[in-house]
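Engineer: Chain residues, written in single-letter form:
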Amino acid sequence: MNRISVELCACNKCIMMGAMDTREHIESLNDLEGLDAEISVTMDKKICTKEEHDVSPLVIINGERIEKANSETVMEKIMQLTKEVIQ
Amino acid sequence: MRGFYTPVTKIRRQVFTEIAKLAYSDTDLSYIEQLPFKIIPGQVAMYRDSVFIERAIVGERLRLAMGLPLRNMTEPQPVANGIEECAIPEKFYEPPLVNVISFACNACKNGVEVSEKCQGCLAHPCTSVCPVKAVSIVNGKSHIDPDKCIKCGRCVDNCPYNAIVKFERPCAKACGMDAIESDELGRAKINYDKCVSCGMCLANCPFAAIADKSQIFQLITAIKNGEEIIAAIAPAFVGQFGPLATPEKVFAGIQKLGFSEVYEVAIGADIGAVTEAHHFAHKVATEEEPFLATSCCPSWSMMAKKLFPDLAPYVSSALTPMVATARIIKKEHPNAKIVFIGPCAAKKLEAQRRSVRSDVDFVITFEELMGMFIAKDVDFGDIGSTEPIDQATSNGRGYAISKGVTDAIVQQVHELYPDMQINTDHAEGLKECRKMLTLAKAGKRNGYLLEGMGCPGGCVAGAGTILPINKAQVAVGQFKSKAEKKSASENSFMKDAPTE
Chain S
1 MNRISVELCA
11 CNKCIMMGAM
21 DTREHIESLN
31 DLEGLDAEIS
41 VTMDKKICTK
51 EEHDVSPLVI
61 INGERIEKAN
71 SETVMEKIMQ
81 LTKEVIQ
Chain F
1001 MRGFYTPVTK
1011 IRRQVFTEIA
1021 KLAYSDTDLS
1031 YIEQLPFKII
1041 PGQVAMYRDS
1051 VFIERAIVGE
1061 RLRLAMGLPL
1071 RNMTEPQPVA
1081 NGIEECAIPE
1091 KFYEPPLVNV
1101 ISFACNACKN
1111 GVEVSEKCQG
1121 CLAHPCTSVC
1131 PVKAVSIVNG
1141 KSHIDPDKCI
1151 KCGRCVDNCP
1161 YNAIVKFERP
1171 CAKACGMDAI
1181 ESDELGRAKI
1191 NYDKCVSCGM
1201 CLANCPFAAI
1211 ADKSQIFQLI
1221 TAIKNGEEII
1231 AAIAPAFVGQ
1241 FGPLATPEKV
1251 FAGIQKLGFS
1261 EVYEVAIGAD
1271 IGAVTEAHHF
1281 AHKVATEEEP
1291 FLATSCCPSW
1301 SMMAKKLFPD
1311 LAPYVSSALT
1321 PMVATARIIK
1331 KEHPNAKIVF
1341 IGPCAAKKLE
1351 AQRRSVRSDV
1361 DFVITFEELM
1371 GMFIAKDVDF
1381 GDIGSTEPID
1391 QATSNGRGYA
1401 ISKGVTDAIV
1411 QQVHELYPDM
1421 QINTDHAEGL
1431 KECRKMLTLA
1441 KAGKRNGYLL
1451 EGMGCPGGCV
1461 AGAGTILPIN
1471 KAQVAVGQFK
1481 SKAEKKSASE
1491 NSFMKDAPTE
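Protein sequences appear in the order of chains S and F. For the record, in the first sequence the residue sitting at position 2 is 2 according to this note's numbering, with numbers rising by one throughout. Numbering-wise, this note's numbering comes out as the position in the second sequence, counting from 1, plus 1000.
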């Protein structure tokens, strides 16, 4: 089983710009049939700094930063990683 | 449109944040003219045909967020038109609360159409099931006569290829009051005689064409004015502001905004649960009245009174949790201004009632509050240790979730009248609520306690919430379990409970 680590920034700006809905969509990937990966989602601290508030929502997937993230971008990235690891 | 962060959500939240920033700053109010360009930057339209239309729509939303009316778009008017009048430290409200921005409306239609996926099959059950013979086979494909079609959806349900599509105007579909009509150009128009301001149309319009008026600018102005401002926050607040925002930190964050104190509205819910338990015992159990309908959701109680006027006497006259809590606060702090912070638009209208106006000075939603947190740069990650909250009971905190009101009142009936039987029914969403009252009107709910919630899921599903509904229900459940006192009657505020 492959492991994909997803970290979402929990600052107010990221929450306001949709981070909680994005988390919901990421977690829903674990229900996909045939997914050979374990997606761990954490959202327990601020990641972006005050100076970079225009990057909200900020998501980090296996160490890679995705700025102004939305659910479709993040889910696509996760699914790509799933395939890459499988291949 | 709940549970998805869409461009509609984004624009709405940007508007609240920018208006809050404008209110906190000492910038000239004419700066509002620049905000559409800040929210919709560049030269290329992101969401519509033209960037100019996008900015004009944002301009209207900014006006509504200021509490101003929509502009008459047949006359040249700046966004800031009338802004000086609304820049006051008290509520500024001109009806209507919920507004359609006509030129943002897509003029969606209702209908049933056959798509290209029709295979022209031999069986064509679409024709067999149509009760008005509107479906026929033309040139080998299914064809629907729009003049005959009654949009029952039977052909849709029975097509083996899912080739027939029924589409409904989203705002009208979401409206439990049938209050969405059309103007001469086919755009949505609200019939305000029917509307109860539940906010479901604005939460479900995919074109961001419907919005309610806000009071954040005036609230922030009052805070800046140095007035004593006290928050009363609805039980659905738990979890709304993200995982770092524990209930205690939310209270601390609100105080950082300039509020002097924060009260749980669940206190008023506790009072309501006890009052309604007594009412049930004295009136319904004795068969003096046929049933008792709860009163905490203003959309539900307004719907009941508008559509079932003969049943109106059986809608509880107990103070809503908002009003009961506000009166308790006013007793302690007679000069304070009370701000109800909640999940829905309907409370804004409730606070306009003649009997409530003096109790509640402002009403804002969780989304609007979050805009204030961002504007004031209050971040929950920066808030240190906090005192635990111990104001309300598990019963009162449960009001945020559908059936929570019922559970609280039933528990009170069982505690206060141990031998009494109580039947209950509950409905979520105004359409379902109407069905429940239709049964009650027919005498099929005699002896019942009836709970109605305008939003499917309860208050946690209100139009002004941030957290996905399922997560919010879990968060409220956890906060309920943390209450030291479980039963509403144990609430220490009960001795000060206002009676009317």
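The set of hints was computed from the structure by calculation and includes no laboratory data. Please read these numbers as outputs of a predicted model, since none were measured by experiment. Keep in mind that the hints are not guaranteed to be accurate.
Said to hold, decoys possible - For the chain S half of the interface with chain F, some residues (derived, Cβ under 8 Å), not all of them:
{"#": "1", "residue": "Ala10"}
{"#": "2", "residue": "Met16"}
{"#": "3", "residue": "Met20"}
{"#": "4", "residue": "Cys48"}
{"#": "5", "residue": "Ile60"}
{"#": "6", "residue": "Asn62"}
{"#": "7", "residue": "Asn70"}
As the list claims (entries may be wrong) - These stretches of chain F come out as covered by chain S in the derived footprint (C-beta under 8 Å, 3 or more residues):
{"#": "8", "region": "1126-1132"}
{"#": "9", "region": "1196-1206"}
As the list claims (entries may be wrong) - 27 Å max Cα-Cα, derived DSS-like pairs, lysine-lysine:
{"#": "10", "chain 1": "S", "residue 1": "Lys68", "chain 2": "F", "residue 2": "Lys1471"}
{"#": "11", "chain 1": "F", "residue 1": "Lys1173", "chain 2": "F", "residue 2": "Lys1403"}
{"#": "12", "chain 1": "F", "residue 1": "Lys1091", "chain 2": "F", "residue 2": "Lys1173"}
{"#": "13", "chain 1": "F", "residue 1": "Lys1021", "chain 2": "S", "residue 2": "Lys68"}
{"#": "14", "chain 1": "F", "residue 1": "Lys1495", "chain 2": "F", "residue 2": "Lys1331"}
{"#": "15", "chain 1": "S", "residue 1": "Lys45", "chain 2": "F", "residue 2": "Lys1224"}
Positions of the beta carbon are idealized from the N, C-alpha and C atoms, including for glycine.
Engineer: Decide, hint by hint, whether the structure agrees.
Structural biologist: Hints, one by one, checked against the model:
About 5 Å separates the beta-carbon of S/Ala10 from the nearest beta-carbon of chain F, less than 8 Å, and the hint is met. A distance limit of 8 Å between C-beta atoms decides the matter here; for S/Met16 the minimum to chain F is near 5 Å, and the interface restraint holds. Against a cut-off of 8 Å between C-beta atoms, the interface hint on S/Met20 holds, since the closest Cβ of chain F lies about 6 Å away. The beta carbon of S/Cys48 comes no nearer than 11 Å to any beta carbon in chain F, farther than 8 Å, and the hint placing it at the interface is violated.
Hint status for S/Ile60 relative to chain F: violated, with the closest Cβ pair at about 16 Å, above 8 Å. Because the beta carbon of S/Asn62 sits about 21 Å from the nearest beta carbon in chain F, more than 8 Å, this interface hint is broken. Proximity of S/Asn70 to chain F holds as hinted, the smallest CB-CB distance being about 7 Å (cut-off 8 Å). Figure legend: the region 1126-1132 of chain F, annotated as covered by chain S; annotation inconsistent (0 residues with Cβ-Cβ distances under 8 Å, at least 3 required).
For the region 1196-1206 of chain F, the proposed coverage by chain S is not satisfied: 0 residues have a C-beta within less than 8 Å of a C-beta in that chain, short of the threshold of three. A hinted pair counts as satisfied when its Cα atoms are at most 27 Å apart, and S/Lys68 with F/Lys1471 qualifies at roughly 23 Å. At roughly 24 Å between alpha-carbon atoms, F/Lys1173 and F/Lys1403 fall within 27 Å of each other, so this suggested pair holds. Restraint check: the Cα-Cα separation between F/Lys1091 and F/Lys1173 comes to about 32 Å, which exceeds 27 Å; the hinted pair is violated.
Proposed proximity of F/Lys1021 and S/Lys68 is supported: the alpha carbons are some 21 Å apart, at most 27 Å. For the proposed pair F/Lys1495 and F/Lys1331, the alpha carbon gap of about 13 Å is at most 27 Å, so the pair holds. Taken as a hint, the S/Lys45 and F/Lys1224 pair is broken in the structure, with Cα atoms around 31 Å apart against an allowance of 27 Å.
In summary, the structure is inconsistent with hints 4, 5, 6, 8, 9, 12, 15 from the numbered list given earlier, while agreeing with the others.
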